[in-house]
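Protein chains: 2
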Amino acid sequence: MKVVCIGSGNVATHFCVALKAKGADVIQVWSKSDENAAVLARLIGAQPVSDLALIDKTAALYLIAVKDDAIAEISAVLKGISGLVVHTSGATDISVLSGYENYGVFYPLQTFSKSRGIDFNKVPLCLEAGSEQVMKRLKEIAGKLGGPVYEVDSRKRKILHLSAVFACNFVNHMYVLGNVVLNEHRLDFEMLRPLIMETAEKVQADLPVNVQTGPAVRHDEQTELKHLQLLTGAPQLQEIYQTLSNSIKKTH
Amino acid sequence: MKVVCIGSGNVATHFCVALKAKGADVIQVWSKSDENAAVLARLIGAQPVSDLALIDKTAALYLIAVKDDAIAEISAVLKGISGLVVHTSGATDISVLSGYENYGVFYPLQTFSKSRGIDFNKVPLCLEAGSEQVMKRLKEIAGKLGGPVYEVDSRKRKILHLSAVFACNFVNHMYVLGNVVLNEHRLDFEMLRPLIMETAEKVQADLPVNVQTGPAVRHDEQTELKHLQLLTGAPQLQEIYQTLSNSIKKTH
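Just so you know, the protein sequences line up as chains U and G, in that order. Positions 1 to 252 (the working numbering) are the ones given, in order, by the first sequence. Positions 1 to 252 (the working numbering) are the ones given, in order, by the second sequence.
No wet-lab data here; the hints were simulated from the structure. Since we're looking at a predicted model, the values are computed, not measured. By construction, the Cβ of each residue, glycine as well, lies at the ideal position given by its N, Cα and C atoms.
The calculated DSS-like cross-link candidates involving lysine-lysine, where the alpha carbons are at most 25 Å apart (straight line), are:
| hint | chain 1 | residue 1 | chain 2 | residue 2 |
| --- | --- | --- | --- | --- |
| 1 | U | Lys156 | G | Lys226 |
| 2 | U | Lys139 | U | Lys2 |
| 3 | G | Lys226 | U | Lys67 |
Chain G regions said to be covered by chain U (calculated; three or more residues, Cβ under 8 Å):
| hint | region |
| --- | --- |
| 4 | 115-125 |
| 5 | 179-189 |
| 6 | 209-221 |
| 7 | 235-249 |
Work the whole structure out from these sequences, hints included.
In structure tokens form, the structure reads like this:
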């Protein structure tokens with residue numbers, strides 16, 4: 001399968017590496033930056049391209065993994081393609097690609113970092129397609145990558161993307177704030193790492209609402225007051241502590 | 001080593017099981033509830049006790065794992081002990097036990113659930129002692145349990161406890177809110193589980209501030225607006241979304 005990759009960020013990089021490992025032939029990598037196109041192209045043995053007019057029109061799959069607001073711009077320029085054109089965005093409607101003959105969405109519900117390998121067995125892929133025939137093809141490709149596969153329409157995909165902001169982006173920010181508290185007192189983040197793993201592992205077999213712990217859920221107001229006092233001098237952290245403690249009490 | 005356990009909750013249960021597995025002889029379990037004392041005592045082959053006057057005075061270790069505000073009450077009643085008396089509380093000063101000859105703190109920086117086994121290799125133990133001799137004994141006991149061991153004074157222990165509220169309790173609440181969003185649209189929490197694991201694993205080798213992703217950190221205000229619109233009807237979630245997005249922007 002000949003693949004053209006439009007984009008050179010984290011998602012583009014990990015998809016290219018995974019597709020190549022499963023036998024796909026990634027022939028071109030486009031990026032608006034010459035340099036970024038070159039880096040990813042070198043990594044996977046493809047041709048770097050920074051002019052959309054030079055994109056090969058005979059590939060079987062065009063993977064558009066760029067910033068959300070660039071998808072529409074690119075699809076307005078990239079014409080004359082009969083292969084499969086998919087984007088990888090959680091927040092973008094499938095309709096942005098409806099000018100193509102064969103189009104769909106290939107949304108990985110996972111967080112990608114350039115510095116870290118990713119096991120595609122652990123990447124849920126959310127598929128949407130402009131036709132049943134395209135869905136069949138997307139499922140074949142997703143199946144090769146090995147992770148769980150879901151059919152998800154644009155409306156539900158946006159909800160998934162929003163829930164991921166809570167379960168990933170905001171979670172990481174809570175780690176950041178925990179570390180801010182430690183740093184103030186020269187304590188090492190390493191001490192928190194086992195707790196962070198166990199907190200994630202606990203919800204792998206249970207629902208989070210069943211395993212909530214801490215002062216807020218047991219209405220231990222004395223401890224909450226002590227914590228707010230420790231945060232004197234950090235009004236931003238105090239506000240977040242109060243807002244989230246109240247939210248836990250409302251939920252339980 | 002003869003051990004008396006004061007308390008029958010999650011922490012008491014997991015410590016008793018772990019100490020017994022390492023060869024300790026847990027002879028008594030006290031709880032103010034007859035029933036709870038009986039359940040844990042049966043589990044580990046100890047004698048259940050619900051009257052503090054009946055506590056054996058000859059044990060080597062008295063582990064006080066009860067609610068924070070009960071520690072002072074218990075230590076006011078439980079007298080005439082020359083063995084080691086320790087509490088397991090993050091938020092309670094060591095001085096609450098200073099009436100004893102040999103006293104200290106044995107604070108596990110981990111989240112415990114009754115329904116889930118725990119590997120003590122992954123439980124950081126934060127030790128504080130009333131004397132060097134007691135610290136030596138605490139380190140011996142902690143060493144047998146196998147996890148990382150830290151010397152932490154009362155002031156720093158309270159900071160650790162606070163940071164754990166962010167990195168564990170608030171994190172779990174973010175999982176809860178992620179699931180609230182999914183439930184509204186009949187999407188399954190299972191879809192988020194791989195993302196949750198990867199988010200935790202990412203900070204095992206890196207600092208969270210280096211791996212923050214999402215709309216807020218990249219100042220993608222269009223996506224933020226769309227997310228806030230999706231949360232119309234859930235003003236509490238909107239407020240949290242806004243507060244945390246602002247905090248991410250201030251941090252980065």
